[in-house]
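S.K.: Sequence:
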Amino acid sequence: MADLYVILWNQKASKFIPFFPKGDVVGFGQIFDNFKGMIFEAITEVDVYAIKKLELEFWLSFPENTPFIYYIMKRFGTHYYLKSLLSLRTKSNVLPQSIYNLCFLLETNINELDFVKFPKEFTQSRLMEYSTLSQGGFYKHLDILYKAEILSRDSSGITVNMKKMRDSYPNMHFHK
Numbered sequence: 001m002a003d004l005y006v007i008l009w010n011q012k013a014s015k016f017i018p019f020f021p022k023g024d025v026v027g028f029g030q031i032f033d034n035f036k037g038m039i040f041e042a043i044t045e046v047d048v049y050a051i052k053k054l055e056l057e058f059w060l061s062f063p064e065n066t067p068f069i070y071y072i073m074k075r076f077g078t079h080y081y082l083k084s085l086l087s088l089r090t091k092s093n094v095l096p097q098s099i100y101n102l103c104f105l106l107e108t109n110i111n112e113l114d115f116v117k118f119p120k121e122f123t124q125s126r127l128m129e130y131s132t133l134s135q136g137g138f139y140k141h142l143d144i145l146y147k148a149e150i151l152s153r154d155s156s157g158i159t160v161n162m163k164k165m166r167d168s169y170p171n172m173h174f175h176k
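The opening position of the sequence shown corresponds to residue 1 in our numbering, with each subsequent residue numbered one higher.
FYI, nobody ran anything at the bench for these hints, they're computed from the structure. The structure displayed is predicted, hence computed values, not measured ones. C-beta: ideal position from N, C-alpha, C; glycine also. Accuracy of the hints is not assured; some may be wrong.
Derived pair list, reagent style DSS-like, types lysine-lysine, alpha-carbon separation capped at 30 Å [as the list claims (entries may be wrong)]: (1) K120 - K91; (2) K140 - K117; (3) K163 - K83; (4) K117 - K147; (5) K83 - K140; (6) K74 - K140; (7) K117 - K163; (8) K117 - K83; (9) K147 - K74.
The following label-pair restraints were derived from C-beta to C-beta distances [said to hold, decoys possible]: (10) E64 - S168: 43 to 53 Å; (11) T159 - L88: 39 to 49 Å; (12) Q124 - L54: 17 to 27 Å; (13) S152 - T78: 44 to 54 Å.
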């Protein structure tokens, strides 16, 4: 299982930023000369590297760094794509889509798995933030998922029954 622990919250913008895997590049921020920085909260330990604009421009000017740029754009594109799927769903399907998105970020081969175990940092409140549902709507749909035994919870965290998820929500899955 991939280590997927970093959940960021932009305190200035009061905006939730998705889950990122361990070792992933979250972003460059603004690379203006007068950049004052941003405040983020991470639920686990993270390393932050500050690179000056001139150094970044020099570093990215080499053609051999093209794979690095592609990797970053692909990672951001994946998060944006998965997040955009939430706006295409009816309210009753937003939470299952959110859970599916997070399962996909944890395990890219989820169509072959029977269960996906969320790390303990994936609390219900974090799932609610990611889904963007109201508190009432979130708990209503969460209860449905628990009753359908798609989700189960124990002391080590939340487990998703992918077989039942696929059977109950067949339109939420990627087909390669």
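S.K.: Now, for every hint given, state plainly whether the structure supports it.
M.R.: Going down the list of hints, with the structure as the test:
Only pairs whose Cα atoms come within 30 Å are accepted, and K120 paired with K91 is accepted, the gap being roughly 26 Å. Annotation: proposed proximity of K140 to K117 holds, straight-line Cα distance about 22 Å (limit 30 Å). Proposed proximity of K163 and K83 is supported: the alpha carbons are some 23 Å apart, at most 30 Å. With a C-alpha separation of about 18 Å, the suggested pair K117 and K147 falls inside the 30 Å cut-off, and the hint holds.
Straight-line distance between C-alpha atoms of K83 and K140 comes to about 21 Å, which keeps the hinted pair within the 30 Å bound. Only pairs whose Cα atoms come within 30 Å are accepted, and K74 paired with K140 is rejected, the gap being roughly 34 Å. Restraint check: the Cα-Cα separation between K117 and K163 comes to about 13 Å, which is no more than 30 Å; the hinted pair holds. For a cut-off of 30 Å, the pair hint linking K117 to K83 stands: about 21 Å separates their Cα positions.
As the CA atoms of K147 and K74 are separated by approximately 36 Å, the hinted pair breaks the 30 Å bound. The beta-carbon spacing between E64 and S168, approximately 46 Å, falls within the hinted interval of 43 to 53 Å. Separated by about 26 Å at the C-beta atoms, T159 and L88 break the suggested range of 39 to 49 Å. With their beta carbons about 45 Å apart, Q124 and L54 fall outside the hinted range of 17 to 27 Å.
About 27 Å separates the C-beta atoms of S152 and T78, a value inconsistent with the hinted range of 44 to 54 Å.
The structure fails to meet hints 6, 9, 11, 12 and 13 from the earlier list, while all remaining hints are met.
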